[in-house]
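Assemble the complex: chain A is given as a structure, and chain B must be docked to it using the hints.
Number of protein chains: 2
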Amino acid sequence: MKPMHKYLVVASGAALAIALAFAACQPQSAPQGTNAANLQDLMKARNLTEENVQAALKTYTPTGVKDEYYIFASGGHSGQVFVIGVPSMRLLRSIAVYTPEPWQGYGYGDQSNKILEQGNRDGKSLTWGDVHHPALSETGGDYDGQYLFVGDKANARVAVVDLKDFAAKQIVYTNLMRSDHGGTFVTPNTDYIIESSQYPVPLGGAYADPTKYQEQYRGVAMFWKFDRAAGRIAPEESFAMELPPYMQDLADAGKLDSDGYAFINSFNTEMSHGGISEGQPSLESGASQNDMDYLHVINWKKAAEVAKAGKTETIAGTRIIRLKTAIDEGLLYFIGEPKSPHGVDVTPDGKEIVVGGKLDTHCTVYSFEKIKALIEQKKYAGNDPFGVPILPYQDSIRGQVEIGLGPLHTQFDDKGNAYTSVFIESVVAKWSLKDLKVIEKIPAQYNVGHLVAAGGDTVHPHGKYLVSMNKWSLDRFAPVGPLLPQNFQLIDIDAPKMQLLYDMPIGIGEPHYAQMIAADKLHPITAYTPAGTDAVTGKMDPDHVVGGKEGIERRADGVHVSMTAIRSHFTPDIIRVKRGDLVHLHLTNQEQAQDATHGFAISEYNINLSLEPGKHENVDFKADRAGVFPFYCTEFCSALHLEMAGYLVVEP
Amino acid sequence: MKPMHKYLVVASGAALAIALAFAACQPQSAPQGTNAANLQDLMKARNLTEENVQAALKTYTPTGVKDEYYIFASGGHSGQVFVIGVPSMRLLRSIAVYTPEPWQGYGYGDQSNKILEQGNRDGKSLTWGDVHHPALSETGGDYDGQYLFVGDKANARVAVVDLKDFAAKQIVYTNLMRSDHGGTFVTPNTDYIIESSQYPVPLGGAYADPTKYQEQYRGVAMFWKFDRAAGRIAPEESFAMELPPYMQDLADAGKLDSDGYAFINSFNTEMSHGGISEGQPSLESGASQNDMDYLHVINWKKAAEVAKAGKTETIAGTRIIRLKTAIDEGLLYFIGEPKSPHGVDVTPDGKEIVVGGKLDTHCTVYSFEKIKALIEQKKYAGNDPFGVPILPYQDSIRGQVEIGLGPLHTQFDDKGNAYTSVFIESVVAKWSLKDLKVIEKIPAQYNVGHLVAAGGDTVHPHGKYLVSMNKWSLDRFAPVGPLLPQNFQLIDIDAPKMQLLYDMPIGIGEPHYAQMIAADKLHPITAYTPAGTDAVTGKMDPDHVVGGKEGIERRADGVHVSMTAIRSHFTPDIIRVKRGDLVHLHLTNQEQAQDATHGFAISEYNINLSLEPGKHENVDFKADRAGVFPFYCTEFCSALHLEMAGYLVVEP
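Here the protein sequences come in this chain order: A and B.
11 is the number of the first residue of the first sequence in my numbering; add one for each residue after it.
11 is the number of the first residue of the second sequence in my numbering; add one for each residue after it.
What the hints contain is simulated information worked out from the structure, not anything from laboratory work.
Hints may contain errors.
If chains are identical, the list can't say which one is meant, so a pair holds when it fits in one copy or spans any two.
[What the hints assert, rightly or not] No more than 20 Å apart at the CA atoms, straight line, and that leaves these computed lysine to aspartate or glutamate pairs for EDC-like:
no., residue 1, residue 2
1, LYS588, ASP424
2, LYS440, GLU450
3, LYS222, GLU661
4, LYS124, GLU280
5, LYS380, GLU127
6, LYS134, ASP120
7, LYS222, ASP51
8, LYS174, GLU379
9, LYS311, GLU247
10, LYS318, GLU60
11, LYS588, ASP132
12, LYS54, GLU78
13, LYS54, ASP77
14, LYS588, ASP634
15, LYS380, ASP591
Excised from the complex, chain A in its bound form (with noise of 0.2 Å):
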């Protein structure tokens, strides 16, 4: 850098003075448009303010660099999964998950739709889900960077994304409740996956009438046994616990201090059930009479020993542990929670349990050793109509922050300070953990309501950036019509005052929760090795294609055709089959270099495969009508992408 010379600046404002300043910091040979004029002009012409210039500088990521962190949004019920780079907040990549999506090739050929026929309940085809809370897999309490479950609320199932290659692998039910809502949330290790049901409806799938809501409908917590080694939930190890038909919320996996216990929430302990043209309250109003609603503490850890010793049921094919046995052995307890709780977060150190109560203005911090405690002493304030334990309010918690009107959830920072949404209010508020005290508030725009801080569920949270997760975006936004982006907003957490950096549009999906880790800890592969890799299980295809052995071979079962693909032809370029064939397509990308991926699509025939290097595809089709249809690359290639064709020559 050539030497300044000292100069003089008479300024009447900071936009003058910033371009002043850039203006003496000019060689001769200055940057491309870079001048004093240029930068005054625009601050005015985009109406910029000083903190906005802060804020562009602190998320303008320039052509090159990576993003410090990545989130990973749950798509609410678009059904994928959203990757965003902070702090930049661009959309790095949408992961199918529950809902077929062609530029990914996912649920257009066999090998992705196997992982979404795992998901069709009862034999029916679920082309949708509505992906809710994302968790990456975690080892002593920390994200490792492998693994992501989300769960789908609408038909109750968990899936399972493996970050080597983004892509889910293994979609998972049980029949023991149809929609679900706290979950997926892991226990420190990863050992289990936590799912727990939304609306509670008769166990395994049997009919009853709302008017038997008390006697017959049951909430339902599911543990998913987790097989690191495999990369797949392992459903015959994995075990319920049958819960009241309350209505169950947000859950949270214990940790340190707390490890072994899971914590749940839940409103509606009234039991309403609808029935608004029946003479009955709505489940609005219905569910909103009590005070009080039950934090369900659960000791998973003693409840995994119960269910291996056999004190289970299998109910609908899945091993639950009847309600008067989690009683019984100790696995279940309650603490009223105020009023109409939603979100249930465990401290980073694990001593502690945030509830937000959305019809209230507190946020209440429970103290698991108090409750430790209180279990061991057996000090109950009574039971719940189904005999759980109840353990004393005033015992269980250090106490109460005045948070503001509907709290939420709750995330963490690395200096001791809590981060909660604040729906009707539309703010985040910061509060002290030792005092209990609110700090600061930040407005939100509009309607909060999940947060996402770095690693702000994990033992270790980061501090720097936080995320407000806004459901309504109104008047921020170029308009689009009568559905809206919801609003992403980045907040600076380390900045002696909070401060809004950025606004970003989710157009796409409606996130509900994310989770947000630091890029160094992921360590994704750029290709299938070696090429005819099957991306599912990860192992060599049975049908792989080496480039030299392709072919069509009329085989019993249908007419099999191996091809491969390569910048830029594939081999062989016309298939020709009779009308009624059943047709194998094998199909081998022979590229190894990043980003060389191929499409193949076949006019008409709904087909359509994304080939990233190295991988292979097998898909089958029934040439049903007499004629001549186009295959080509999807994936733009190489200069000759556009030959990158042939035909399937059907005849009559």
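This is chain B only, laid out in the frame that chain A set:
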């Protein structure tokens, strides 16, 4: 603003200078965190150059500030359209077109299912498309902000999107082709939407072996008539033109001087058709032999008269002007174009046509005046094998521009400059239309396909912004596995030199082309008014439900459920039916407030409606299993959103 004091700054670098300038501007009550150390640290810590700071300030868009421009980008094989704000480069929304998308409820209820069903060719369900070229409706050669049209390369379809509500309304296709590429492009007043085929097939879906390629395979240009009053394409008023079996590629409509004409590129005048395993050259090699392919010059206004006069045949339901008629009536001419041409773009004054040859190093600039004179003089250089008159190449052009290796697509600014994407060299080249000389190049990271400039293909380009739509991103972003996002690079074209402003990852599809329109041209609605409107017809749905008139009624054709949604309950909230019942659900969102969207999902029934304010939806389903199935609002609508739920109770 407080008056500033004179101050003396001794600076040793740009960062420090800015920091000190800021420091000097700080009154006692400094905005949070705005201080010298902070700013200096920021540039240092984030390693930002002066140019980065400029770019940040040119793109950063503070909370609540609207973007100046919209980009409507095709979504490639995602099947959707992406709406992006400029200069912030934020994804504002995706619009579901060819692929079901549950967040938008698209393909999960009756109204939108009907749109998708329009696109089911031969009754075969098609659940994706390969969206290539979006075209905004035009009036007088300028975007009017009313409609958007998009082609589906995979299945040769065209869709209409209404920009009042950013929703797809119609899908059409002709059985004359199976794949398209040169579509969609509109004529200057949107009389016609041009769609031309990519891979020739026998006309009308017939069978013919590829060895009969020259005799029996054909290209087709389709001219879809747009009925602006109805907001729909009128297939019965549309017509096609038969073309030789070259591979027709991009298209553009003439304007001003050249209004009434259309220009379509082609490659593969070699009539190669693959057969790599049958001793034939691959298409990649076979289609790259000739030095020249043919620019197709079509007089579509005259063709429309010829069609109107009945000089057509009807094949597979579409009126087609046969090749002989096109020749005899003077509707079709060819001109040589070097080599493997790809993009064809008419200049803003309509006087010239720019063609990029993807295996060439030049852009060729054709003069419409010269072309017209040659046609009038019948001055031909011969005929192609099908008898189409060929205009002499040298007499048709004004000249060539030495661009670099692999020129593709060209856009224009308001100062007489053209911008061409150069794929193999991986740059954007700015050149003078007057001098046909390159002025400047800027690198693209990496492999640029299309470009889009503000109004860049209209009669009044805006200049200002240009986006390089790069196919590969490689090392630009934090890694996300083997399937990488594309990279949209925003370039300032108003600065003295082109300046790269922003890298935007596109990780949800593979855009091909885009158009950029000033935001003030669009006037979208915020609600469907009055409540009960069918979003597709724009009229009151016959089954709309008024508050207080809800109910469940058993009729001959099944059980009709008339339901309303309003924060925060559905009425009725218990639906009792018998196993085997056909259920007709009619659901009106009573809200009119902006952003007060509700969703409606039934567990395990694969139904998810998106009910924007005032929208009415119908959905039919068979209650095929006994049991209790929760339904609930899938769009977070209020503090008691979770309580907005009910039960579908199916008696055995």
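Broken hints, numbered, in rising order?
-> 1, 4, 5, 7, 8, 10, 15
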